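Chemist: Got chain B sorted already, so can you dock chain Y onto it with the hints?
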Amino acid sequence: MVSIYAHERKMLRRSTWSWTITLCLLAFFFFSLFPAFSRDSMVTRKLLEAFPELIRELIGISLNTFFSPYGFYAFIFAYVILLGSIQAMNNGLMLLSKETRDKTIDFLLSKPITRYQVLTSKILAGLEAMVVTTSVYTLFTLPLVQFFSKSPLQLKDIFSLLLINLSLLFVQCIFFALGLLLSVIIPKIKSTISITLITVFSFFILDMFNAVVDDEKLRYILPYKYFNPLYILNNQSYEWIFLVITALFVIGAVAFTYKLNQKKDFLV
Amino acid sequence: MSLFLHEIKANVKSTVVWGICLVFLIAAGMSKYAASAQSGQSINILISKMPRIFQTLFGVGSFDLSTAFGFYCVLFTYITMIVTIHATLLGATIVSKEEREKTSEFLYVKPITRGFILTQKLLASLVLMIFLNLVSFIFSLLFVRFFGKESVNSWMIQKMMGGAFLLQWLFFSIGFFCSAMKVKAKTAPVLASGTLLFSFMLYQLIMMDSKLDWMKILTPYAYYNAINIISPEGVPAIFHILACTLILVFSIGAFRLYQTRDISF
Chain B
1296 MVSIYAHERK MLRRSTWSWT ITLCLLAFFF FSLFPAFSRD SMVTRKLLEA
1346 FPELIRELIG ISLNTFFSPY GFYAFIFAYV ILLGSIQAMN NGLMLLSKET
1396 RDKTIDFLLS KPITRYQVLT SKILAGLEAM VVTTSVYTLF TLPLVQFFSK
1446 SPLQLKDIFS LLLINLSLLF VQCIFFALGL LLSVIIPKIK STISITLITV
1496 FSFFILDMFN AVVDDEKLRY ILPYKYFNPL YILNNQSYEW IFLVITALFV
1546 IGAVAFTYKL NQKKDFLV
Chain Y
31 MSLFLHEIKA NVKSTVVWGI CLVFLIAAGM SKYAASAQSG QSINILISKM
81 PRIFQTLFGV GSFDLSTAFG FYCVLFTYIT MIVTIHATLL GATIVSKEER
131 EKTSEFLYVK PITRGFILTQ KLLASLVLMI FLNLVSFIFS LLFVRFFGKE
181 SVNSWMIQKM MGGAFLLQWL FFSIGFFCSA MKVKAKTAPV LASGTLLFSF
231 MLYQLIMMDS KLDWMKILTP YAYYNAINII SPEGVPAIFH ILACTLILVF
281 SIGAFRLYQT RDISF
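Those sequence lines, one after another, are chains B and Y. For the first sequence, our numbering begins at 1296 and goes up steadily by one. For the second sequence, our numbering begins at 31 and goes up steadily by one.
Pulled out of the complex, with its shape left as it was, chain B reads as follows (with noise of 0.2 Å):
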């Protein structure tokens, strides 16, 4: 058991620390744009303050917060969860597909452990590497979003920023759960990425769209939507039902995995 977890663990390393750079990257690029947010912002300041403040509550738009880096940042945050998603759920997909794919699943099962033994050891693999990418990233984006804050280091944004840079660990369980049911699921998988793909972009999509004019009933089918990091920062805390949601669905399809994998037909 603990070998099948070092290799898996040593299949996915590269992947996951070019992913984990990349978030990084893409944090750093789209924050250095701050300058030019902050230089706007006095504009959408004048427009947003003629509108009636209930109106804007109902966008989730505080003022201050709005404008500052941690607003900002707020905002950039949906890039960085699209891509940690796509991690995570081409990374659920593909741990148990790849041994039908690559015809290895007979050397496998013909070991002398159980198919949960099995799950459980390339389950535990797919946490660390997700783990791993929320924690660095964290500890990039830490420095990063104090270094464009003029103000002084206040505690309360540096718990909401923690806060929103675990909510992706959170949405990553989210899809990688979700990529583990269907790669019990669907009989025979060709291509993880496309799968991944398209699910990812499917939300990612009705999410963008959503944000126009608020669905408060489509918010419960749009993991995008859960962990709302203006929310967090007004509040410092999570939306608790949605918290909620989350662990049920990740239990919830790692348990059904789990029965599933146990009879599950490979087709070698």
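Don't read these hints as lab results, they were simulated from the structure. There could be a bad hint or two in this list.
Simulated crosslink set (DSBU-like; lysine-lysine; CA at most 35 Å straight-line) [unchecked claim]:
id : chain 1 : residue 1 : chain 2 : residue 2
1  : B       : Lys1398   : Y       : Lys212
2  : B       : Lys1558   : B       : Lys1485
3  : Y       : Lys39     : B       : Lys1558
Fair warning: this is a prediction, and the values are worked out from it, not measured in the lab.
Modeler: Using the frame of chain B, we list chain Y on its own:
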């Protein structure tokens, strides 16, 4: 001919699924317009007055969101994204899948040249891409007409879809090129998707700040976006030239590299 038909048959199912996704996206997007036309009017006008960076952050461009066509222009970005993802993956897998599924021995012992194989695969892919493009064109027209009250300029939508097709072809060529390169068959889709994601992220970045406009030549999404296509001047000639050159370079490159590619079994 049989190879051509075989490729069509092998990919038609997934292409139809992409088509259904597209129809759903257009329907959902345009019905959103119908909903916002009643309530969210004021917010849309507000957004249209904002500086560019905020418009990009809110996921809308500098379009008139009070008309169905303006709303469609926002949607167009996402339509191009979907069709180009399809094209990239098609290009990256249609050649490399033979090695992956260990069917290359079977294919390459047939009395046909590699050039012939690639040509057939290219033609089959073009048909599939045109199919997807037509689906999005027909349903775009349908839903914009259905939800919009004012008359719709179908010539504009035609031009937009023409631009989308060139983007499809361009991204297909990139995928095609990746799978002909001397890398492992597994790596081709990863390389191609990486290029696609890079172009998309760069496009989003450029759209935020006018100082970055010079970088537009680096990302195909900036060549044929709705802003360029609906502007009175049309798409700048340089972008047409660039797109066609890139398609040619990548396609010819794919054919040349593939001649000497070492097929692993």
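Chemist: Hint by hint, say whether it matches the structure.
Modeler: Structure-based check of each hint:
1. Among the hinted pairs, lysine 1398 (chain B) with lysine 212 (chain Y) is consistent with the structure: their alpha-carbon atoms are about 23 Å apart, no more than 35 Å.
2. Pair hint lysine 1558 (chain B) plus lysine 1485 (chain B) holds up; C-alpha atoms about 21 Å apart against a cutoff of 35 Å.
3. Pair hint lysine 39 (chain Y) plus lysine 1558 (chain B) holds up; C-alpha atoms about 31 Å apart against a cutoff of 35 Å.
Checked against the numbered hints above, the structure breaks none of them.
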